[in-house]
Amino acid sequence: MAKRVLMKGNIAIGEGAIKANCKAYFGYPITPQNDLTAHMSKRMVELDRVFIQSESEIAAINMVFGAALTGARAMTSSSSPGISLKQEGISYMAGCELPGVILNVQRGGPGLGNISGAQGDYFQATRGGGHGDYRTLVLAPDSVQEMYDLVQEAFDLADKYRNPVVILIDGVLGQMMEPVDLEHDVKKYKLPPKDWILDGCKTREPRSIQSLYMKEGALEEHNWKLHEKYKKMKQDIKCETQHVDDAEIVLVAFGISARVCKSAMQLARKEGIKVGLIRPITLFPFPEEEILKATEHVKKFLVVEMNLGQMVEDVKLIINSKADVHFYGRPGGGLSSQEEIVNEISRIL
Amino acid sequence: MKKILFKTEALKDTVMSYCPGCGHGVIHRLVAETIDELGIREKTIGIAPVGCAVFAYDYWNFDVTEAAHGRPPAVATGIKRVLPDRVVFTYQGDGDLIAIGTAETIHAANRGENITVIFVNNCVYGMTGGQMAPTTLIGQKTTTTPFGRDEKIAGYPIRVCELLSSLGGVTYLERVAVTDAKNIIKAKRAIKKAFQVQLDKKGFSLVEVLSSCPTDWGLNPQEAIEYIEKNMIPYFPLGVVKDKS
Amino acid sequence: MQEEVIIAGFGGQGIMFMGTVLAHAAMQENKSVTFFPSYGAEMRGGTANCMIIMSDEDIGSPVVARPDGIIALNQPSADKFTRRIKEKGLLIVNSSLVTGESGRDDIKKVEVQATKIAEGLGDKRVANMVALGSYIKEVKILKLETLCKSLETLLGEKKKNLVDINIKALKDGYKL
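Protein chains in written order, with my numbering: chain V, 5 to 353; chain Y, 22 to 266; chain F, 76 to 251.
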């Protein structure tokens, strides 16, 4: 077995980013993601890369914008209220087609909420989040190892699509420690050349980067082009399935909720209830095929989230009455226990 | 015949969309001349603001990016920190720089980011149609101060150079005006100095350029120049405010 | 095999470090392991806790509702967590600071004079290792030797001078 190290989720994100050659990190303090900012303040400086504790989350995302337009890999991280502040910048990055990685270690909301883990930002993450008709790729790991791996893929995907990529975790995943194999194989993507960057027009004609399209029809054309790109992202859908083949009911959950569902599934199977699990890893694009395929023999689905029903809307849209879709969720930082979920399964069956 | 006037390479051969009498055209030209004279066109990255000068990337003949309203200093920070050997400048209006972007301005200045800021102060929001700016003078009528700016309602016009001068990271601050040939030459000298400060890696430099907006002031171009001289310069005195280069 | 434990006490008693040593040792013995700490405002309120799950299989939720064991280093922690212990579970209390009955007759209670023993070793801060040693002896899930090695690794070069006293405390707790 490869050498494993015990690592906190937030730190694994940082180390994964460093391995992916992230050249610049910009952040502002907010719980529960602070360990990452502190970690990067040391590591990035040691590696002679860029670290800035910015004056605000707004400034941080715009620093990412600036670093990204030179072709450098850049990231920022925050927790829910701070991510709201970054939305303007994320929209500009999407409009300007700039790559970048944004980590959201979700906490309870709305408003200041609390600092418990939560999943209330699913809509914000998967619907673009800021103004305008755009999407970001959204990755939702459920273990510290997967956080370490997926942040590396996130940088590749951002470059592949010239688009911001959001990593959506929560306070529990950010704060927990698990063993991580630092040499774990990570999928590598074929990346296009960065022939659009601004680094001075020494050997070429001057370029500009903009999201402003004032000429008649130009913005519509730009949006159609972005739309095609979002459709293409479907080739990189990721999803984990467990025991779906013989399941009488399938749980659908992401991130920390999926971890609880895995426990619930083990518990239920011990009691002889055939439970399966579908765990979307990309939340946008959403794993439609996997869910549709399951409806061929599964007629009951239970969506479990740490909110009052967000991803369940996507599941319902896909299933489109081909099966019953139930929901179990707790808001404001409440984490369901496996027993609660098993009780809910029993109630449904 | 001897040629004494040349086109600047750093300016594209495009007709500008600015109103008659607007100061932006002159200031664009001064920036472009400076960049050519310093021989830095091929390593310069400019940042266009949200405001009338948003189209600057159509006029300047070097790399230019847009930035969200008020965020150019943060974008400039991101660029300059990963490409420290390039020349990075922002071109910002009064609303951009000291209303919505106050935090970004002050903190980039305070960190001593080695960038140059060209700050165009015309006491009004131009692009959106003549609203009050953070630098609008007391008594000045705008579409959102129809009775004239009343300090009891809207506070006081902000003197940006004086505000920034106490910050440790700030190296060079000068206020100039593009009102006549003499002042334009001074403005050019200040802009060139500001870029030189950056080339010498000496830290944050900003030139505040008092400029006219005849359209939103409801004046003709000549009257607008007189307005700067009679009303703006007494409140925003010209000259070097800080120089530790 | 799956063992779930909550370690709790005052901030400053080294609760997180205890949990980290335990989790690290479990990893070294190739077990699946999760460690989940209380954090933020809760941490500053006086009591801190962490939840560790060690297993031979993949672990689902890292949050422990009904632990197999509790290590309580102070009274508020014992008061808060004792009722959550599973039937036939284990309660280890630092009896230097925790008094009174557990109110449970369906669990095993082990009283360790952790603070007193640590003071005897010359530093009451190693009370955490005394309690951890006692826990390992009871649950027999990991080798004492592995924990000693983990202590060395985690204390590192910077705190090398603290290795001996921590290992001594761990072993004293184990011997009880």
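No lab work stands behind these hints: they were computed from the structure.
Be aware that a few hints might be false.
To be verified - Interface residues of chain V toward chain Y, partial, derived using beta-carbon atoms under 10 Å:
no., residue
1, Phe30
2, Ile34
3, His43
4, Ser60
5, Ile65
6, Met67
7, Phe69
8, Glu92
9, Val190
10, Tyr193
11, Leu195
12, Lys198
13, Asp203
14, Leu216
Stated by the list, open to error - To give a feel for the contact side, a few chain V residues facing chain F, derived at Cβ under 7 Å:
no., residue
15, Met180
16, Ser267
17, Leu339
Said to hold, decoys possible - The calculated label-pair distances, taken between Cβ atoms and stated as ranges, are:
no., chain 1, residue 1, chain 2, residue 2, range
18, Y, Lys23, V, Val49, 55 to 63 Å
19, V, Leu296, F, Asp131, 43 to 51 Å
20, F, Lys246, V, His247, 22 to 30 Å
Just so you know, even glycine gets a beta-carbon here, dropped at the ideal spot from N, CA and C.
Structure-based check of all given hints:
Interface hint status for Phe30 (chain V): upheld, as the beta-carbon distance to the closest one in chain Y is roughly 7 Å, under 10 Å. With a cut of 10 Å, the hint placing Ile34 (chain V) at the interface with chain Y is violated, because the nearest CB-to-CB distance is about 16 Å. For His43 (chain V), the interface hint is violated, the least distance from its beta-carbon to any beta-carbon of chain Y being 19 Å, above 10 Å. Below 10 Å, beta-carbon pairs count as interface contacts, and Ser60 (chain V) has one with chain Y at about 6 Å; its hint therefore holds.
Taken as an interface hint, Ile65 (chain V) checks out: its beta carbon lies about 8 Å from the nearest beta carbon of chain Y, inside 10 Å. Given the 10 Å rule on beta carbons, the hint for Met67 (chain V) holds: about 4 Å separates it from the nearest Cβ of chain Y. With a cut of 10 Å, the hint placing Phe69 (chain V) at the interface with chain Y holds, because the nearest CB-to-CB distance is about 5 Å. With a cut of 10 Å, the hint placing Glu92 (chain V) at the interface with chain Y holds, because the nearest CB-to-CB distance is about 6 Å.
Evaluation of the Val190 (chain V) hint against chain Y yields a violated restraint, the C-beta minimum of about 24 Å exceeding 10 Å. The closest approach between the C-beta of Tyr193 (chain V) and any C-beta of chain Y is roughly 22 Å, which is over the 10 Å cut-off, so the hint fails. Hint on Leu195 (chain V) is violated. Least Cβ distance to chain Y is approximately 18 Å, over the 10 Å limit. The beta carbon of Lys198 (chain V) comes no nearer than 13 Å to any beta carbon in chain Y, farther than 10 Å, and the hint placing it at the interface is violated.
Hint status for Asp203 (chain V) relative to chain Y: holds, with the closest Cβ pair at about 6 Å, below 10 Å. Interface restraint check: Leu216 (chain V) against chain Y, minimum CB-CB distance 6 Å, threshold 10 Å, status holds. For Met180 (chain V), the suggested interface contact is upheld, since its CB lies about 4 Å from the closest CB of chain F, less than 7 Å. At about 3 Å, the closest approach between the beta carbon of Ser267 (chain V) and any beta carbon in chain F falls short of 7 Å, and the interface hint on this residue holds.
Restraint check, Leu339 (chain V) versus chain F: the minimum CB separation of about 6 Å is within 7 Å; hint holds. Roughly 56 Å separates the CB atoms of Lys23 (chain Y) and Val49 (chain V), a value that falls within the hinted 55 to 63 Å. Here the CB-CB span from Leu296 (chain V) to Asp131 (chain F) is close to 36 Å, at odds with the stated 43 to 51 Å. Checked against the hint of 22 to 30 Å, the C-beta distance between Lys246 (chain F) and His247 (chain V) comes to roughly 45 Å, which is inconsistent with it.
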